[in-house]
Structure formats: C-alpha cells, structure tokens
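So the chains spell out like this:
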Amino acid sequence: MTTTAERADFRFNWVDSFLLALRIAAIFVVVWGTVGALALGFVGEGLSGSAWKDLIVAGLAQGSMYGLIALGYSMVYGVLGFINFAHGEVFMAGAMVGFFVADYFFTSGLWVSNFVIAILIVLVVAVATSTFTAVLIEKVAYRPLRNSPRLIPLITSIGVSFFLQNAVLGLVGPAVKTYPQAPTWLSQKISVLGLQIEGTKLLVIVIAVVSMIGLWLFVERTKTGRAMRAVAEDKEIAALMGIDVDRTIVTTFAVGGAMAGVAGILWALLFRGVSFITGFLPGIKAFTAAVLGGIGNLVGAMAGGVLLGLFESLGPNVVLRGLRWEIPVSLGIAALAAGIGVAVLAWRRGRVSVASVAGALIMLGIAGIGQWSIVIPGLTQLKDVVAFSALVLVLIFKPSGLFGEQLADEDRA
Amino acid sequence: MNQMPTRRSATDLDWDRVRRWGIYAGLTMAFLSSIGMVESLDKRLIVDPILSLGFLALLWVPVAFGYAATYEEAKEGMAAPEKGERDLIGGLAAGLIGGLFFVAFIAIADAVDLRGVFPRIGPALIDLLTFGRGTAVGGLLWLMISGLLGMFGGLLHVLPVRVRRAVTNALTAVFLVALVEIAVVDIFESLRLTVISDWIYAKNGGVTIAGAIVVGALAALSSVRSEGDAVVRFRTRYATMEGDERKRFNLIAGAVGLVLAVVLPMVLGGLTNELLANVGLFLLMALGLNLVVGYAGLLDLGYVAFFAVGAYTTAILTSPLSPKWTPMLTLDFFSIEGWVVMVVVVAVAALSGLVVGTPVIRLRGDYLAIVTLGFGEIVRILFLSDWLAPAFGGAQGIRNIPAAVAGPAEINGTKPQTIFYLVVIFVGIAVYVAWRLYHSRIGRAWAALREDEDVAEAMGVETTKMKLLAFITGAILASFGGMIFAVKVGSVFPSSFKLIVSIIVLVIVIVGGMGSIPGVVVGSLVLIGILGGPTQPGLLAEFGEFKLLIYGALLVFMMLRRPEGLWPSVQRQRELHQEEILQDAWLKAEAAADSAGER
Amino acid sequence: MHLLEITGLTKSFGGLQALGGVDFHIDELEIVSVIGPNGAGKTTFFNTISGLVVPDEGRIVFEDEDIAGLEPSEITKRGIARTFQNVRLFPDMTILENVMVAQHCRTETGVWGALFNTPTFRNEERAIEERAKDILGFFGTRLTGYRFRQPAYVLSYANRRRLEIARAMGTMPRLLLLDEPTAGMNPKETAELTGLIRKLRDEKGFTIVVIEHEMRVVRDVSDRVVVLDHGVKIAEGSYDEVSSNPDVIEAYLGRPAEEGA
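Protein chains in written order, with my numbering: chain A, 1 to 413; chain B, 1001 to 1599; chain C, 2001 to 2261.
One should not assume that every hint holds.
Simulated crosslink set (SDA-like; lysine to any residue; CA at most 20 Å straight-line) [stated by the list, open to error]: (1) Lys1465/B / Gly2110/C; (2) Lys2199/C / Gly2110/C; (3) Lys1498/B / Thr1464/B; (4) Lys1324/B / Pro1390/B; (5) Lys2077/C / Thr1464/B; (6) Lys398/A / Gly1544/B.
Note that these hints are calculated values from the structure, not bench results.
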C-alpha cells in the first residue's frame, strides 16, 4: 500500500493501534533493560566492565560474519527480487567442506606447523565450495523461474534449503564436526583501542573488513560490477544495453556465495563446530541484517550485520538481565509525568514516533510505581528469541532498512 | 535443432543432451548410494526375492534420465519430432554413461576408504552394490543394467501410447500393491481371506513373483481397454462440470467418502488406522493453511504455532499434570465441559491468529513469510524455555492428557480407530467451512486480494479485515488439529512443534494444489500416507531418515514442473498457464466472433 | 452544495510536489474532465481522492463529510469508484467475478451467513450475480454470455477497459473517476466510449470525473474542464474557454511532444 501519510501517520484503527502498542512495548523493554543493566552494574550486581567489553567484541566479530552472509541475501534480492532462503546452506556447505580439509591438515601436521598456509587453503576451498553451490542452485532451481510470481522462487528456495540440509545430513552424518584448535598465539588477547581482543576475533573482523572492501571495489569499480548494478536497476533495459543478464545474475550468485564461504571459515574460527543445521540460524539472522541495512545496499548489509551481532550479543545478557532492576519510584513518577506531557503533544500532531515514546515513558512510569521486576532464568536459552524478535521488529517497523533500499521499482511493490 | 523434416539417421541425436543426462544419472545414483538410501531401504522388499526398495531407489534413475535424455519438445506449429531407433540408442548411451560414472564411483569407494568423510560409504555398501561378486563383475553388471534401463527409458518414447500406458500402469500397480501391503493384509485378515493376501505377499514382505505378474497383467489389461489417462480425463471432466452436475457429484463423492470413513477403520488394523489418523490430522492443518496460502495468498511459514497453541490449550485445560493451571476438564463431546474446552481452544486460537496476523498485515508477501516463520520459532522457544516452564512445563511439556470422551466411547491414541473417527469429523467440518467460504463474497474478496491487493482495496474490499479473517480461520482449524494431536499423543512438548511441521503442511498444500480442496486431500493422502509426517511413519516407514530430503526435493520439483499441484484449482491453473489458455481462448473467441459477426 | 468539494489539496513525494493546493468541485450529474500534460499530477489527484495516497494537506469533502485519509475501501463504500490508467483487473478471476467482487462493499453477509447458507445469503448471492450480469449487459454483448465464465485476461485491450468500468459500476458509486478511459483505443472504439460516458451519466445517473488526453473526447463529454500543470490548477471552464486560454496553450506547447494523440 502506498499510504505514506505525512500529516498524521496514525489512523485510529485496529492495525495501527496494535502496531503502536507493539512499538511501545519494544521501546519499553529495551530501555528498561538497558538502563537496568547499567544501574545494576553500578551497584556491582551486573556485568563487570571487562564482561561488557567482551560482549561487545564478540558482537562485533559475529556481526561482521553475519554481514558477509547478508551480502548474499542483499545482492540476490537486489537483482532478482526474492529471498534466497537457501543462502544459509551455501554458507554451511563452505564451512562443512572446509572442515574436512582442515581435519586432513591437522592429521598431516600442516595445521600445527604452518597454520597460516593451512587456513588460507581451507579458506580457498570453502570459498570455492560455497561459490559452486550458489551457482548450481541458481542454474537448477532459480533460472527457470525468472519471471514467475514472486512467492514461487521463495517457496522453491525453501525446498532447496531443506534439500541441501538433508543431503549433507545424509552424506556426512548428523554429528557436529569440530574444527581443530587454532594455535595458541592466535587465541591470545591483543590490546586494540583499549579493548582486549582475542586474536581469533580480531582476525575474523579483519578478514570480514578486507572481503567487504574487496567486494565494494568490485561492484563499484569493475565493468562486471557496473553490469550488476544495471541489472538490479532494470533487467530489460540492461539487456537492451547489451549486458548479458544471465551471466550477470550468475556472477551475483557467485560473489554472494564466495562471501558466504568466507563467512563459513569465520564461523569455524569463532565457534569451531559445524553440522548440517549450522546454516539455518545464521542465515535467518543475516537476512535480518540485510533488511536492517537496506536490501540491495552493500555497505548497509555490513553495517546491519554488525548492529545485529551487537544486539544479539548484548540483548540477552544486558537487556533481559536488566529487567530484574526495579525502577526507583521517584524515577517512575518522573517518567510518567514526562510521558503524559509528551502524549498531550503527540495527540495533536498524530505522529507515531512521538506517541510511542510517550507510551514507553508511561509504561516505564507504571513499572517504576508498581516496582516491577522480571527475573528470567536461563537467559542463554532466549538468545534466539532475541534474534527472532529482532527479525520480526525490523521487518515490521523498518522494512526499508536504516540506510535505504536500492531496489528496482518492480521488486518493491 | 534446426532440422528440416527429412528422414533422420538413427544416430542423429542431441548428443550433448544425452551426455549431460547420462552424467546426471551417474551422479544421482552415486549420491543416493552415498546418503545410505540403498542400504537402508534394502530391507523393504517390493517383489520378494528379486527387488528391494533400496535397489528400486537406484533403478528408476537410468529409466527416468534415459527418458529425459531423448526427450524432444514438440514445438508450437512445428511437426512433432519423429520417434524411432534413435531414442533407443540415445537412452542406451545415456544409461551407459550413467552406469560408467556409477561404476567409477563404486571402484573409487572400494579402493579408498571414504568413511572418514562419508560414513555411509563402507564395505557393506560396496558388497551390496556389487552383489557380493567383487568390483569387476559388479561393475560390469551395473553397466549392463544401467544401459538396458536407459534404453527402456528411451523406448517409452517409441512405444505407441496404449502400450506405453499398459507398461507404466503395470509397473506402478505392482509398486502400489507392494506399498499398501500393511493395509491390504489388514483388510484381508479382518475379512478372513488370508489365503489371497498370503498368495500375493511373500513372508518377508513384498509381492511374490507370481503375485507381481498377476497384478501387473491385470493393470496392463485394464489400461489397454480404456481411452486416455483416466485421472486426467476425470479431472478435466470435473473442472468443466457446471452448477447442479457438480453439486450432485460432490454430494455423491461426499457420501462415498463418509461411508468409507465409517467402514474402513473397522476392517483395518491398528497400524493402518494410526496412519490414516495422521493423514487426517495433517489434512486438517493443510485445509487450514490452504485458506491462508491458497485462497488469500498469504504465505504463512509459522503455521505450526497455531497447532501448538491448540495442543497446549487442550493440555492445560484437561491434564492433571499441567504445572500452573489445572482445571482438569474432560474433553467430553456430549457434555458442557467438552464444549467449554473447545470454545476456549477456538477463542485462544482466534486471538493468536489476530496477534500474529495484525502486525504482518501491511508487509509484502515474502517479508510476511519470514516474519511468520519468526513468530513460529519464538512461540516454540518460549514454550521450551525455563522462564515459562512454570506455566508450560519447559522441555518436558505437559503429560497425562486424558482421553477425550464421546458418550460411551473413549478417544485416545491407544485406540487409533477412535482418533480417526474424531479426525474425520473435524476434517468434514474444515472441508465444509473452506468450501462455503470460498463460494461466498468472502472467498471472492480473498481471490481479489491475492491477485492485486491495492486494487482490491480500491474496489471496496476491506483487505485488512479479510486478511485477518483468513489468518483467524486458518488458526482455528490448526488449533483443532492441535487439540486432536494432544489427545492422540497424550502429552505435548515443544519438540513436536518445529518449523518442519509448517513446511510439511506447506508441501502438502503445494503438491496437492494451492486453493484446491480435492488437491489438498490428495496431497495429504500421498505425502503423509506414503512418506509420513515429521515424526510419524507412513506406508514407506523405511524412508524415515530421507523423508525431509524428499520433501525438499519435491517442493523444488513441483515449483519447477507443476506449480499448480497434482489437482489444481481452476483459478490457479489459469494463473500459472496464462499463455497456453490465452491461445485457446483466442481461438475460441475468434470462432465466436466469426459466427456472431461481432465486429 | 457540491457533491465533491476539494480545497487546498497538497501532496509531495520526497522533494517533488505532485499537488500544490488544488481546489476542485463537482456537482451532481456533472461530467468534468481533468486534463494537463504528463506529470501534471492528474493521477495523484485521483489517488488522493480514492484514498490510495493520503494528502499532506487539504480537505476532500464528499457529501458533507471530509474523507481525506480514510482507507480506500471506506471511500469506495461511501460512493466513489475509479478505474486505473494502466487497467488493473483481477486477471485470473472470471469476468463475472470481477464485477461480483466489486459489490463487496454493498453486501454484508458474513461468515455465519456463508457457513449456514442462510436464505439472506442465498438471496444476496443471487442478487449480486443478477446485478453483475445486468451491469455487463450495459456494454452490449461483448462481456456477456460465454464471456461470463472466461478469465478476464483473455479480453482484448478495449474490452478490458470496458470491464474495468463495469467493475467500478459494480461498487454502485455516485461518483465515478475514469483515468484515461480511451487510452490505447482505436478511433472507432474511442468514439463509442465517448457516447458511453454520456450514457453513464444520462441513464445510470453517475457523476463523472474523467482524466483524458484525447481532446475530442474531452470536448464531447465535458460540462466543464479543469487543467492541471505541475500540480496546480491553471484554468477551469468550458472546453472552448479552456482551449483558448493562453496559460493552457503555453503549458501544452512547452511540451509539444507530450500533447498526446
């Protein structure tokens, strides 16, 4: 619906009211949790300073990995206008094949004697595998569906995703494969900008940034990159201008696959364990990152990945933990007063953003006066709830992303 | 192929295609062996001593790929490609190439120990694949088998239609008879006709050779007598029925279905009833999802959440072990208590439909799919979490759900017949609801909304209301499924409500035909009946570990080859084959214009 | 009192102003043409009236009530129906169904009626079908008979336009907005449609606003002509007044290539 209302972006109906309530609830929980975590920290019940820093570093490392996977979603959506649900499996395939090579190097001793060469070869193999998988999927499953209604390729890609997962399960078995340990010099902490960063995490961030820059140069500076952008803009016109659309689309899949392959090795460095379902959750999260950064926007995808990584790492430990903090009554009263004040303003203007801030303040006030406190046991269990909530909230409230979509009009409808 | 319509020599083939399909065939056979399919399925016999399901899983490959290798598209307005020996040669070549690749695979697997990477490729597999005669002899045999089967695939092009149909029908019939072994044995046993079933089926399972020959011959004979493909003919006839005729047909079909539904459980044994109950359960959900996806065009990937909501609500209301609330009502359909339970289930489902439906209502289709998937996962993880365990029991779930009661009868999972009867009643309700709504202004509004949302809104259709209505109706049907599931299993826990349930229900709807009630019925019979549900075995229980692989492959295959499903709805068929119908309509319109002198 | 009265209608997309304070009115049983070069904001004008676009400022008063900002379906229900410049039918629904679905807002049987097949429901369904056939009959035999059961996409271009008008009629509006009804039609079809537009008013009692490029059509059908350029009304009056207005001539001659056929 093209209802981009400017004068009052709120209508008094069921859907808008519900969305407003959801918005208020989200802001309320995040603000309460974050402030609570900080406040608990001051009285020594919360996280220590170094624990905070560790979480941030972990978030950055994971986030840059998500960013790399997100590039694949973003580029394919930008060019073909559909969600390649199987992209998570492309990532998994790279990590999985990489494992067998790494394992071979470990038994042959190269992994220990010359780690740099070994990991480089593993990286190349993983990238090759993922690229091959991505291109294969495009040829077999998506090419024949180029002009079908948009849900058809999405459903197909769900099928491809399940097929690949279970094919890998059948081929290599259900057990989690664990990459050999990285050498000790790599797992030591290094001090960068006041942060104590574990060597592996630093390596992950560096590789991600380098790949990202490489990709950016490729898309912006080369002829193929220009062709990709043209095809994303309008396939028919691009074809008329003499661009081989099919080949450009294959390139898009290949480049996205290559990035997923790099991400696969980053995953191995960070978590070491790989199994047939490894691709599912990172895939979903990376898709969230792609939307958050603005579909079709490459720098946005990377930024979205980092944001999502931080949110995922800090979310359960900070926000949800902070919910046990009881807001002082005085603060509650202040928030309530401020909320009512803002609400009066919002009523006249009919702006959702103001109304949601007002609502959240009022909720905070109520929570403070009522001395609410939510103690959640088993926080790590809720890690994925945080990730999925991020997915849901981003898609509902910011479907065009933080940094702007770059999509052909036909794909936006 | 730029071939003038002159006579072509026997080797005038699209060799590139032959080579390609040959290689595909070899790779497919190697893949199927590597994932352990041959080995696992070898235990199930199709024709007693000679053919197991495991080998069947390999042998179809050269036939199908040989057929594909020599397939030539009949282009519009061009002479149909002529058929002849070249099809045999092409099929043979493709089969041989495939065989060569497969033999190479066997040889490598024999020479190098691949178990470190591929745990299923071990000596046992090699032994099985080489018929226990060593690589050389085994390889040679495979080359022959594959070549001959490939040639048979090519031969299918050459055979006159009638003969081809006879051959394929005979083979299918033997396979089907082997497939429904448990059910048939059950029926014959309760009819005290074990003489016949003992003669058809061997002791170790599978059809006896004599039985196979008789069944095949009967099938071949019956197909030779008939004109054209019976299924297709019937479907087109059904699609062209008008008003009263269709109503009459539907009534008769409904009556026959009802009689079958009442009588079948009595003659079938526990296993088969269990199977039918599962089919019914998934059919119920598929009918609900069909409203959402097929009618209103909203791709809901979190459908399992409503199933879970129904199951948990029932568990909380009826089980004495529910951790927080223990009203301990009995699901007695003949008393107020039972109706209270149902009303609460419906209310909670409707509410959850509203809560999930509202925020996604303005999203474009693909984002809607992903958000609903997110909701489904959130619901499952919350049910699983320690946080909400005081209410929902965490990973242990809620156990001791008592049997439902209908008058003197107790309904629970230990008596699958009773569950089946219960399922049939609810499926009946679901079919009725779907059918009535579809042929009302609501159904038309859904169709309009599916085709062009903005225009539907501009033409006065309250799209928000209609979408929510679809979500809520779908949610209620799924929650009935959940209710029956809870009663059937006697306990609910989060692991029963994984994403895969949503996906399998979606596959049923798509394979059957989006928006088509008979399609969904056929889809659940075929898929759940043969392959089984996420944890429930079907007729081919041996497929267990490969089920999801096949579901995935099937989804892709259907989208590529037959997106409208096995039994498409009239509208969907139009949507997906516009061009062809357009041509027909063009001709028809021209003819009409000629006769009426329109211009 | 006017049937529809619009004051100060403003709408911008990003930095681009599509409508810059347009005033407009139409009386019962009038036919008013809205003309102007491409990009003058005519379609945005229709979109804001029918609710597909919410205006930034301005009032749209229809039968004494401000309808600006209402949901499109609500506006249709109040009696404004439209067609689209680029014909947007429900291509896979039958021709009859296209018109039947348009009566959605004039009927009310809900889930219960449909489920229990109540007499009200059956009568309503019958009435919907009768009315749809009746409306299609207005266009002669082109959309009737065997056509009823054919999907809409088999229709020729001109027939699609006709069906779109029929669908708009199905919502039983008082005010009909026709967005370039003759675009892409040959001269014979155009002439016929011109007559049809008048018939819609004279026989069916619709009040009509037409966006049109074809000047002969504008001349033949309109009681009054409104000229938009760059989102602003630059002239208004009878066809002869407007066609000799220097501002209008300048607006068109400034873009001679876009004057239209």
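Hint-by-hint comparison with the structure:
The suggested pairing of Lys1465/B with Gly2110/C holds, with an alpha-carbon distance near 11 Å, which does not exceed 20 Å. Of the pairs offered as hints, the one joining Lys2199/C and Gly2110/C is violated, with about 35 Å between alpha carbons and a cut-off of 20 Å exceeded. For the hint linking Lys1498/B to Thr1464/B, the alpha-carbon distance of about 29 Å lies beyond 20 Å, and the restraint is violated. A threshold of 20 Å between alpha carbons decides the hint, and for Lys1324/B with Pro1390/B the separation of about 6 Å falls inside it, so the pair holds.
Proposed proximity of Lys2077/C and Thr1464/B is supported: the alpha carbons are some 15 Å apart, at most 20 Å. As the CA atoms of Lys398/A and Gly1544/B are separated by approximately 41 Å, the hinted pair breaks the 20 Å bound.
In the structure shown, a violation is registered for the earlier hints numbered 2, 3, 6, in ascending order.
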